[in-house]
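2 protein chains.
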Amino acid sequence: MDNKFQELQVRLSEIHDLNSAAAVLGWDQATYMPPGGAPARGRQMATLGRIAQEKFIDPAIGRLLDDLRSYEESLPDDHDDAALIRVARREYERATKIPPALIGEFSEHQAMAYDAWTRARPANDFASVRPLLEKTLDFSRQLADCFPGYEHIADPLIDFADYGMKAASVRVLFAELREELVPIVRAITEQPVADDSCLKQHYPEDKQLAFGQDIIKKFGYDFNRGRQDKTHHPFMTSFSLGDVRITTRVKENDLGEALFSTTHEAGHALYEQGIDMKFEGSLLAAGTSAGVHESQSRTWENLVSRSRPFWEHFYPDLQATFPEQLGKVELDSFYRAINKVQKSLIRTDADEVTYNLHVMIRFDLELQMLEGTLAVKDLPEAWHARYQSDLGLTAPSDVDGCLQDVHWYGGWIGGSFQGYTIGNILSALFFSHAEKAHPEIKAEIAKGEFGTLHNWLRTNVYRSGNKFTAPELIERVTGGPLRIEPYINYLRAKYGELYQL
Amino acid sequence: MDNKFQELQVRLSEIHDLNSAAAVLGWDQATYMPPGGAPARGRQMATLGRIAQEKFIDPAIGRLLDDLRSYEESLPDDHDDAALIRVARREYERATKIPPALIGEFSEHQAMAYDAWTRARPANDFASVRPLLEKTLDFSRQLADCFPGYEHIADPLIDFADYGMKAASVRVLFAELREELVPIVRAITEQPVADDSCLKQHYPEDKQLAFGQDIIKKFGYDFNRGRQDKTHHPFMTSFSLGDVRITTRVKENDLGEALFSTTHEAGHALYEQGIDMKFEGSLLAAGTSAGVHESQSRTWENLVSRSRPFWEHFYPDLQATFPEQLGKVELDSFYRAINKVQKSLIRTDADEVTYNLHVMIRFDLELQMLEGTLAVKDLPEAWHARYQSDLGLTAPSDVDGCLQDVHWYGGWIGGSFQGYTIGNILSALFFSHAEKAHPEIKAEIAKGEFGTLHNWLRTNVYRSGNKFTAPELIERVTGGPLRIEPYINYLRAKYGELYQL
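Residue numbers (the working numbering), protein chains in the order written: chain A, 1 to 501; chain B, 1 to 501.
If you are wondering where the hints come from, they were derived from the structure by calculation, not from laboratory data.
Don't take each hint at face value.
You can't tell identical chains apart in this list, so a pair holds if it fits in one copy or across any two.
[Stated by the list, open to error] DSSO-like cross-link-like pairs, simulated, lysine-lysine; straight-line CA separation at most 27 angstroms:
1) K278 to K340
2) K200 to K4
3) K135 to K340
4) K55 to K97
5) K442 to K377
6) K4 to K97
7) K207 to K494
8) K278 to K436
9) K200 to K55
10) K447 to K328
11) K343 to K97
Predicted, not measured: the structure shown is a model, and the values here were computed from it.
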């Protein structure tokens, strides 16, 4: 049995290496690659992806998994080997259910749709991508239909990102959340909008970058096992547990841009850097779901680096770094500026209170398109209608309407957005448990110390990597299922104080 | 036949993609990778190399090559398809003759020997690497023995780098060259050593880099299809014909370091960037041999950027860039400084006159070790003896003796060095033909223009990539075999003037 398990590990490690190599190529493409490298780079990444896929669906892996069933069953559920076999089987069964031809055709179509979108968005030309999006919808349905027996057609697609969640359970969660959120948003937006002009002065790039890096170093981000570079759309990427990189984007006329994208991506990276080194090179060396990953980026971005205790410590440093810009700005004004709440049209610019309303709109529209109750041709109007009813705003065009997000154009329709809101909810749930165990956490943050929080998260959330599913992990850490109360309490407390609600 | 040829192309392109991906990982490792990435990176690159090798020795490729023989024979020799089939067959036959187990064991051993060398060199501890080097010699012999029927055991190993050359022909070439070189070296070194202290002042890094980049842009290096980054040991690497990168190393107390490593690596890169785009992704999209590649780095480093006409144009710019350091240094003094000839212990620091003597020592020692006339245990003394007899110097230790170069420790023994001298000889041969066709080349260089030279090289040398072997290419371009006269004439003319010989 030892031999079989070892053979499985060797095969999975080879596939992991191919995927890691593709990640390096992707990072290079987004950071340093000269323009002339683009055509070959697309082909190279496709080749690596295809070979990794071929090697993963090799029937020899299926036979190994069959042979290893008795070994798996002889082990406790939370044994590392049992978890690896379990995760490998889940992924293998998923991968082998999708015909390679479908993957090939869909990938090719995605590349085309993405390319068309990059031109259609600036031109406000939904008509030009409509037939492509219709085909994407068709492919997305085909993809879901590879997994018959679902309750809702979106379920298999949600599974890709947030294993164990279903359209129905997300709907219930989102309905509960909406009920609590709407009155909070209303109460805040009835008041005058916070003044964030202090953030919109000129802030030199090098000082912004140095300040952000200093902060994430204090969080515990290990620059010996990572680095930060500049890119257009910030992201975190991992090449191994010893090389977890982040990227950021600097706007010299907006202090918030690089600072919070840095703490956000560092949150993702702390998760990956915190995975137990014994999982290196295996399927377990990854975050467990989109939602759990996002919970960590949001923890460090919002719960930590947009909190009052955090700035009680760091604001004097920031003022010393930018004395001309902030020397005369009070901590209170700065704190209000970085937590300004305002109904807006763009998800990625939204504050943490209204953000989830943007996600819910997209989640509902995805489901309607998959169900067939919303035709792609009617998407622009449906988008505008929902923004009007949910946020009281209508985008002047589709540029900031249904052409706004890359997800449907570069990926598929279904399961693309729920992870963001699950992450927000979960960040507060985990944080509340960390605080219960260590009530001193906020006081430590106010001293610029993050060790207790980081250790708690590493021990309880990061270390296990992909060993447990998100629902299992949440159950293990919190003793129950995902629930919204801590998140609502967090928002009420923070914004109640900010807006004297 | 079309289908078979296409299938061959598809298979070779997949292998090319894997090798290109490995090159990206290697570049990242040498430029930006954080230390924590090292262990996994070694494994990832080994995985890519192994998969590429497995795919290349797939008997299906052998069958395709057999099936394509009649197609190949129906074409003129210089037809692109014929060349691709010919090169693929040559490489396939070579690859299939080496047992995969030997490759695996040797690679593993090389990694170990390299690692040991990185510690042994600073510690002047040849004894610690001696058993490893003995094993390397054994592996090198095994490798050569995969190709029975050789005249000299080094021939198959020389073939890897400089296809078509043999120990015997290199020996003849080197003997001729030595006979001409030795009196030149003697005549120069009887005179006072040139004063290069003007180069050893403080030169800020950013200005050095900007100046070098400005120059290679004028050479024709295309930054839209490449970039320059910093590293420990400068190199050129190609990920596709649209992405050919160079690296450099800056010493703030030595102006020559970055400047000439930049023009050297740019020469390699101009070769790769100049390959016909129709060869992209194929086996023909590469330089044809170590010697031809080095001829181009040496052309742009020595024949161009260490020439008097070049500095007649650029020296005022350099003075304007570094007015404090060079404002009062005459062009003549600067020109003598960058062309200082001095017998020395270190190959990579050697001037262009003595450089080849360093290469010949290594070439001879390699051959003796392979022949069994020199035991590895006697290498340190043999090294010192040769430096004494050839250069009149003895290194104080093995650090700058036989531990000096990485080649034997990170690679194999045999064929590792001759390319450097072949490159020097060939640079002058090609250049003499370029000048014959365009006598205005030097006058253009004196105006800071390189278009005529670059175009001639592109048309005659670069464009064809790996389509012709080095001997074929030399024959096509010069109408005869490799010959040393133009190189000797070049050295005599340049150093005759510099040293009034």
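Status of the hints after comparison with the structure:
1. Taking the shortest alpha-carbon separations for K278 and K340, neither the intra-copy value of 43 angstroms nor the inter-copy value of 55 angstroms comes in at or below 27 angstroms.
2. For the identical chains of this complex, K200 and K4 are neighbours neither inside a copy (60 angstroms) nor across copies (62 angstroms), given an alpha-carbon limit of 27 angstroms.
3. For the identical chains of this complex, K135 and K340 are neighbours neither inside a copy (39 angstroms) nor across copies (68 angstroms), given an alpha-carbon limit of 27 angstroms.
4. Taking CA atoms no more than 27 angstroms apart as the test, K55 paired with K97 passes in both settings, with 15 angstroms inside one copy and 26 angstroms between copies.
5. Proximity of K442 to K377 under the C-alpha cut-off of 27 angstroms is found in neither arrangement, the shortest distances being 50 angstroms within a copy and 65 angstroms between copies.
6. Only within a single protomer do K4 and K97 lie at most 27 angstroms apart by alpha-carbon distance; the minimum there is 23 angstroms, versus 31 angstroms between protomers.
7. For the homomeric pair K207 and K494, neither the shortest alpha-carbon distance inside one copy (29 angstroms) nor that between copies (50 angstroms) is at most 27 angstroms.
8. Proximity of K278 and K436 under a CA criterion of 27 angstroms is satisfied in neither setting, with 29 angstroms inside one chain copy and 65 angstroms between copies.
9. For the homomeric pair K200 and K55, neither the shortest alpha-carbon distance inside one copy (51 angstroms) nor that between copies (55 angstroms) is at most 27 angstroms.
10. When the C-alpha separation of K447 and K328 is checked against a cutoff of 27 angstroms, the pair qualifies only within one copy, where the shortest distance is 23 angstroms, while the shortest distance between copies is 56 angstroms.
11. Taking CA atoms no more than 27 angstroms apart as the test, K343 paired with K97 passes in neither setting, with 43 angstroms inside one copy and 69 angstroms between copies.
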